[in-house]
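Q: If you want the building blocks of each chain, they are given just below.
Number of protein chains: 2
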Amino acid sequence: MLQVYSGEGFGENTRADATDRCLSEHTRSVKMTDCDGEGAQSPLQLFERLTAQGDQVRTLKTAKADKGEVEAAVQILLQLKVQYKQVTGQEYKAGCPPPENLILTGNSSAAGGATEEDDDVNPWSVTTTNAKGVDYDKLILRFGSSKVDQELVDRIEKVSGQKPHRFLRRGIFFSHRDMHQVLDSYEKHKSFYLYTGRGPSSEAMHVGHLIPFIFTKWLQDVFDIPLVVQLTDDEKFLWKDLSLEQCHRFAVENAKDIIACGFDINKTFIFSDLDYMGSSPQFYRNVVKVQKHVTFNQVKGIFGFTDSDCIGKISFPAIQAAPSFSNSFPQIFGERKDIQCLIPCAIDQDPYFRMTRDVAPRIGYPKPALLHSTFFPALQGAQTKMSASDANSSIFLTDSPKQIKNKVNKHAFSGGKDTVEEHRQFGGNAEVDVSFMYLTFFLEDDEQLEKIRQDYTSGALLTGELKKILIETLQPLIATHQERRKHVTDELVQQFMTPRPLNFNK
Amino acid sequence: MLQVYSGEGFGENTRADATDRCLSEHTRSVKMTDCDGEGAQSPLQLFERLTAQGDQVRTLKTAKADKGEVEAAVQILLQLKVQYKQVTGQEYKAGCPPPENLILTGNSSAAGGATEEDDDVNPWSVTTTNAKGVDYDKLILRFGSSKVDQELVDRIEKVSGQKPHRFLRRGIFFSHRDMHQVLDSYEKHKSFYLYTGRGPSSEAMHVGHLIPFIFTKWLQDVFDIPLVVQLTDDEKFLWKDLSLEQCHRFAVENAKDIIACGFDINKTFIFSDLDYMGSSPQFYRNVVKVQKHVTFNQVKGIFGFTDSDCIGKISFPAIQAAPSFSNSFPQIFGERKDIQCLIPCAIDQDPYFRMTRDVAPRIGYPKPALLHSTFFPALQGAQTKMSASDANSSIFLTDSPKQIKNKVNKHAFSGGKDTVEEHRQFGGNAEVDVSFMYLTFFLEDDEQLEKIRQDYTSGALLTGELKKILIETLQPLIATHQERRKHVTDELVQQFMTPRPLNFNK
Numbered sequence: 001m002l003q004v005y006s007g008e009g010f011g012e013n014t015r016a017d018a019t020d021r022c023l024s025e026h027t028r029s030v031k032m033t034d035c036d037g038e039g040a041q042s043p044l045q046l047f048e049r050l051t052a053q054g055d056q057v058r059t060l061k062t063a064k065a066d067k068g069e070v071e072a073a074v075q076i077l078l079q080l081k082v083q084y085k086q087v088t089g090q091e092y093k094a095g096c097p098p099p100e101n102l103i104l105t106g107n108s109s110a111a112g113g114a115t116e117e118d119d120d121v122n123p124w125s126v127t128t129t130n131a132k133g134v135d136y137d138k139l140i141l142r143f144g145s146s147k148v149d150q151e152l153v154d155r156i157e158k159v160s161g162q163k164p165h166r167f168l169r170r171g172i173f174f175s176h177r178d179m180h181q182v183l184d185s186y187e188k189h190k191s192f193y194l195y196t197g198r199g200p201s202s203e204a205m206h207v208g209h210l211i212p213f214i215f216t217k218w219l220q221d222v223f224d225i226p227l228v229v230q231l232t233d234d235e236k237f238l239w240k241d242l243s244l245e246q247c248h249r250f251a252v253e254n255a256k257d258i259i260a261c262g263f264d265i266n267k268t269f270i271f272s273d274l275d276y277m278g279s280s281p282q283f284y285r286n287v288v289k290v291q292k293h294v295t296f297n298q299v300k301g302i303f304g305f306t307d308s309d310c311i312g313k314i315s316f317p318a319i320q321a322a323p324s325f326s327n328s329f330p331q332i333f334g335e336r337k338d339i340q341c342l343i344p345c346a347i348d349q350d351p352y353f354r355m356t357r358d359v360a361p362r363i364g365y366p367k368p369a370l371l372h373s374t375f376f377p378a379l380q381g382a383q384t385k386m387s388a389s390d391a392n393s394s395i396f397l398t399d400s401p402k403q404i405k406n407k408v409n410k411h412a413f414s415g416g417k418d419t420v421e422e423h424r425q426f427g428g429n430a431e432v433d434v435s436f437m438y439l440t441f442f443l444e445d446d447e448q449l450e451k452i453r454q455d456y457t458s459g460a461l462l463t464g465e466l467k468k469i470l471i472e473t474l475q476p477l478i479a480t481h482q483e484r485r486k487h488v489t490d491e492l493v494q495q496f497m498t499p500r501p502l503n504f505n506k
Numbered sequence: 001m002l003q004v005y006s007g008e009g010f011g012e013n014t015r016a017d018a019t020d021r022c023l024s025e026h027t028r029s030v031k032m033t034d035c036d037g038e039g040a041q042s043p044l045q046l047f048e049r050l051t052a053q054g055d056q057v058r059t060l061k062t063a064k065a066d067k068g069e070v071e072a073a074v075q076i077l078l079q080l081k082v083q084y085k086q087v088t089g090q091e092y093k094a095g096c097p098p099p100e101n102l103i104l105t106g107n108s109s110a111a112g113g114a115t116e117e118d119d120d121v122n123p124w125s126v127t128t129t130n131a132k133g134v135d136y137d138k139l140i141l142r143f144g145s146s147k148v149d150q151e152l153v154d155r156i157e158k159v160s161g162q163k164p165h166r167f168l169r170r171g172i173f174f175s176h177r178d179m180h181q182v183l184d185s186y187e188k189h190k191s192f193y194l195y196t197g198r199g200p201s202s203e204a205m206h207v208g209h210l211i212p213f214i215f216t217k218w219l220q221d222v223f224d225i226p227l228v229v230q231l232t233d234d235e236k237f238l239w240k241d242l243s244l245e246q247c248h249r250f251a252v253e254n255a256k257d258i259i260a261c262g263f264d265i266n267k268t269f270i271f272s273d274l275d276y277m278g279s280s281p282q283f284y285r286n287v288v289k290v291q292k293h294v295t296f297n298q299v300k301g302i303f304g305f306t307d308s309d310c311i312g313k314i315s316f317p318a319i320q321a322a323p324s325f326s327n328s329f330p331q332i333f334g335e336r337k338d339i340q341c342l343i344p345c346a347i348d349q350d351p352y353f354r355m356t357r358d359v360a361p362r363i364g365y366p367k368p369a370l371l372h373s374t375f376f377p378a379l380q381g382a383q384t385k386m387s388a389s390d391a392n393s394s395i396f397l398t399d400s401p402k403q404i405k406n407k408v409n410k411h412a413f414s415g416g417k418d419t420v421e422e423h424r425q426f427g428g429n430a431e432v433d434v435s436f437m438y439l440t441f442f443l444e445d446d447e448q449l450e451k452i453r454q455d456y457t458s459g460a461l462l463t464g465e466l467k468k469i470l471i472e473t474l475q476p477l478i479a480t481h482q483e484r485r486k487h488v489t490d491e492l493v494q495q496f497m498t499p500r501p502l503n504f505n506k
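In the order they appear, the protein sequences are chains A and B. Residue numbering for the first sequence follows our numbering, beginning at 1 and increasing consecutively. Residue numbering for the second sequence follows our numbering, beginning at 1 and increasing consecutively.
Just so you know, these hints were derived from the structure itself, not from any lab. Heads up, a few of these hints could be off.
[Stated by the list, open to error] A partial selection of chain A residues facing chain B, derived with a Cβ cut-off under 10 Å: (1) Leu238; (2) Tyr276; (3) Phe283; (4) Lys292; (5) Val294; (6) Val299; (7) Cys310.
In this text, all values refer to a predicted model and were calculated from it rather than measured experimentally. We put the beta carbon where it would ideally sit given N, CA and C, even for glycine.
With the sequences and hints as input, model every part of the structure.
A: Printed below as a string of structure tokens:
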């Protein structure tokens, strides 16, 4: 059984998140089950001390502080952990406040299949204690999806006639549902369409947010197919302390960054839920159809909703489901309801689409296929949370070349050794090194990447040198993005966001 | 505590219903808590036998069968009731299958305020064991509304400058919320608008369905104000085994009957939820605002939803709430959100608007005011259900003069005595006589009505004569309606149902 906790006020869950699509705080209050007295420590107080101490250790390590100082801090951390276990009867897990109750996530049929050491992945929270990040092979088993193996990558190459995108070559899009079926049909000249999205919780987008869009653009190009992009401003309104106007403004601002990824205006429709729900009777009809076929029991099991959640949250999953059905977009597909949908998204969004795939046949629609990505790590490491409110947790799309340089040098968690001598002698650990992880996302050249890995592991490449390569990779990438975004006018956004016919063959 | 049960498949709850707006079956399965074996009777089997026997008794009485025959049937009924109490531990209540669980309706703060003898009134089921119908004074106390007293009726007359409608003179609109406030503002030249609605569960509408519309038209005329009419076709889709297309078609058909009531096209907007949600971003914004401020716990308390209900039902109350806010209709009111709404409706709809009034100030809107009507009785009596699927339970708007005559003569429950001699001697009971009740709804002349009551009570007026007066009242009323409906063209419906500006002063 997995535990998901995000108490109001704690907020800062350990999290490796790629899309931030649905990063939202459940507003569950955490019960004090134990001692609350003066001298004694409540589970919550202990948890907070532990979190602070963990931050302290990380800060010291990042700052390459004196070894003795680091070790002393680690000792305090370990003592607190022992104390925590005595009080709560369970292991401390960074980012997970003491439990109020247990919530099952993942495949509901696989109840009990996950152990306490498992990672926790759902649309609102992703936690892991492993510095390498989430164990994705385990996730495939738990979610019941399929691995993107070499055979599938080869097949995509064959069918598309293009070299597979680096995200496919490197296992960043690592899991799928029904991709072979999509390719089977495509080979028989039956087309499909793409659907992805974003939860516009702020204006600020970071490089991690681009991952699904970079990949989706590639899919659009090589398969020559339409794309719909859902901006769930209604969801953000329901989950966050934001006004409708704010959420809608964020949606439009985020649309600019999405457009700057280079999508084809003749094949791309971007929509705000708040706008599109009120301008497409067919979309609302599909929302209601899904809502009729999903019970509160089901969303409780899938998303961990409680009786204290507002009815908007409870019914929202149907709104994220509806774009999976082609007749939600009559301006593009007419009345056709049989056009297959392919959804590229981060794996934390899978619960929405497991639900959608469960409902689809019952309302006479094909199940959407999926391609799942791994999470994009925070600069501080794959087991910490990337937060739009913490400017140092990632590289933002608005960062200057200097900011990029400083952030990478100062904050990117290093797998290198403490001294040059040690590093030369023992080599670095690329598997936990965030700079290297970022390069796997953004450096196109496979051979160069492999050489960097080998040199870093052997000790030939120093941390500073590795960081320099990353800086020189990110600076032009971000600069180009900023240049492209500058040319995205309000009129262009308006065009992309207007329901209209798209180029669609068959 | 009140009990509300409507098991799937039972359907036929004892019910006196005026609007049928939300007549829907909860699809809760009824647990067999007791013996299910061959010889033994399960609570459910007993319940079904009791229901059948009750029908038998009523049929015999209606048919004025031999006294001995009636008494024998009543004896069987009483024996079954004793048996039922032994098996279930509680009194048999017509229309209420053996309970699965208890659901509180009415004021949630008044938990425990209602006793087992109380009537049960909620949007999906209205039950009473009293032949006179629901005890409305008790309902006012339980719901926390205010009585429409002579002072209010006089005030409406003064402010409107018109003789009060017979529904006001006769206590048919018997309860209200904030009517004095509406009149205060109106006197200061601050206008308001009307909102009412209907759940289009079938094409067939009966005379009872007209009550809120007849009264609303009167209000529109005397106050010269806009009206919005919501057809909750989405709700019917969620609750009933109907397709979206069927529900939408029923909405359009029902709109024709509503238009035939004579509403002013320059001041009336009729909308299907399925259409309007998809054509008004501002309406959806208000729906989401309400959805953010109501929890599952709240709708559970107010409407008795369970974890097995679909998420569409759970979030639907927000859709019935949204038209209470003027900026849901920017085509009529622009961006103004401060225009007071007055909702004339049957009292069973009050739970929706208690919820709405609770939310309104929290989202910066004025609370809607309400005028509540009593229920329109079935021909078979005020404690039985009027059903669109039972042609004999009411007078339908499509009935011919001959059908009207036959139905009234054959099915209208009589408060008269069994023989002319007895009737002349002891007089009839107008309070339980359905023909007399119908006349209170449809006979305009107060003096004539009072004379009928006196003559019937004294025995001067026989049941047959009373029924004749009703027949002669209903026949021209229905004929006129049919004539008007004939002239409602598809184009006219289209016009009424198109979002557009209306005549609205200030």
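Q: So, for every hint listed, does it hold in this structure?
A: Hint check:
1. Leu238: With a minimum Cβ separation of about 5 Å from chain B (threshold 10 Å), the hint on Leu238 of chain A holds.
2. Tyr276: Where the cut-off is 10 Å and the nearest Cβ of chain B is about 8 Å from Tyr276 of chain A, the hint holds.
3. Phe283: Interface hint status for Phe283 of chain A: holds (6 Å vs cutoff 10 Å).
4. Lys292: At 5 Å from the nearest chain B Cβ, Lys292 of chain A passes the 10 Å test, so the hint holds.
5. Val294: holds, 5 Å
6. Val299: holds, 6 Å
7. Cys310: OK, holds: Cys310 of chain A within 10 Å of chain B, min 5 Å.
Consistency note: the structure conflicts with none of the earlier hints.
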